[in-house]
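A.B. asks: Sequence:
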Amino acid sequence: MFRAMSTPAAARVAEHRWVMAKHLGRPLLSVECIDHMDGDKTNNAIDNLRIYVRGKNQPGSGHGYGTYYHEWQMALAKIRELESAL
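Count the sequence shown with numbering that gives the first Met the number 0 and you get residues 0 to 85, in order.
Simulated from the structure, these hints should not be mistaken for lab results.
This one's a predicted model, so the numbers in the text were calculated from it and none came from an experiment.
Treat the hints with care, as some may be off.
[Claimed, not checked] Computed spacing ranges between beta-carbons, pair by pair:
#, residue 1, residue 2, range
1, Arg11, Ile45, 18 to 28 Å
2, Ala84, Leu23, 30 to 40 Å
3, Ser83, Pro26, 19 to 29 Å
Virtual Cβ for every residue (Gly too), placed ideally from N, Cα, C.
Assemble the whole structure, with the sequences as input and the hints as a guide.
C.D. replies: Here it is, written out as structure tokens:
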């Protein structure tokens, strides 16, 4: 969790939400959620995060791996294959 030292406990923000809000340049709406595309909840790199609106385009089941975990793993395998062919 990210929390500035001078903010009260009620103002705590999850790091992935803070990273996305900073990237967008605005606070996130309460219905906006953040998906970790590689399934790793500790990987808060902006290129691993995507925003979605709860109930409209909700990825996956909300637990376990992220939306594109299988596709991500397939792409990484293809990259390794192509790199070894060079």
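A.B. asks: Would you mind marking each hint as holding or not holding in the structure?
C.D. replies: Structure-based check of each hint:
no.	hint	in the structure
1	Arg11 with Ile45: 18 to 28 Å	holds, 20 Å
2	Ala84 with Leu23: 30 to 40 Å	holds, 39 Å
3	Ser83 with Pro26: 19 to 29 Å	violated, 45 Å
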